[in-house]
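Generate coordinates for the entire structure from the input sequences, incorporating the hints supplied.
Numbering (this note's numbering), first residue to last: 12 to 283.
Hints in this document: simulated from the structure, not taken from any laboratory. Just so it is clear, the structure is predicted and the values come from calculations on it, not from any experiment. For each residue, glycine too, the CB sits at the ideal point set by N, CA and C. Among the clues, some could well be false.
[Claimed, not checked] Between beta-carbon pairs, the in silico distance windows are:
1) E170 with S239: 42 to 48 Å
2) M247 with P183: 21 to 27 Å
3) E170 with P249: 20 to 26 Å
4) A178 with F204: 27 to 33 Å
5) G51 with P183: 38 to 44 Å
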Amino acid sequence: MSSPSLGSASESVPLVVCSPAMGDVRDVYNPLAQALCAAGFRVVTVDLRGHGDSSAAFGSYGDEATAGDLIALIEELDAGPALLVGASMSGASAVIAAGRRPDLVSGLVLICPFLRGSGSRGRDALMRAGMGLALLRPWGPALWRRYSASLWPGLAGAEARAARLTALLRRPGRWRAFRATTRADHRVVKPWFETLACPALVVMGEEDPDWKDPAAEAAWVAAAVGRSAEPAPILMVPGAGHAPMLEHSGAVGPRIVDFARSASAPADDNRG
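Structure (structure tokens):
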């Protein structure tokens, strides 16, 4: 993981750690990071293993490995508890991290998160195998580039971004690491739902092509990560796909800033 910081490094400044989707890099959070820093937060954006400026020499990839990285980062910075913002696959990692170390996580922002498998063990294994075959070279990068461009219907220049991200994944060792990441089994998240003690906000693009019914998926996630039988709040973003914080930053940023303030407030401020 690569983890450049933005904002003040003062221990009194609440920390926000943002991790992107599989295949994406940390600059997807630039508009949100600017909004959070302007509101007084310290923001750290990270690259997933094998992505962006991170190393591609890891032995494991996926939800649990990334959760371990998020925990290690907060410990290294000695700045917890932190608000974790996770997108897509790394939303699952954020949930696992919060379940493992509730002392280090003050809240969760889950952006278009994958928190469950598609069904039976056999079906999940078949889907992962099929994706692995589809992403084999030499056709894999071209297929991923085409698919990536469809993920952000609200983003001007989506094709150019998809081309840049795919070029980054073509660097030595990166495509192998990326394919290993695609084999993540999101069913590992389920055991952590009942252990969550922090508040969560679910953000979903209304036109996210990864879901047959984005609103229904958001409702399922909100129920899964809610506290005291109350579902987590949901922000549905019109015209946005799989990266609403980039596609429609003006609508998403202020809502996440408000949530971050609430999640980072002293315990006494959240009573009653």
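*Hints the structure violates: just list their numbers, smallest first.*
2 and 4
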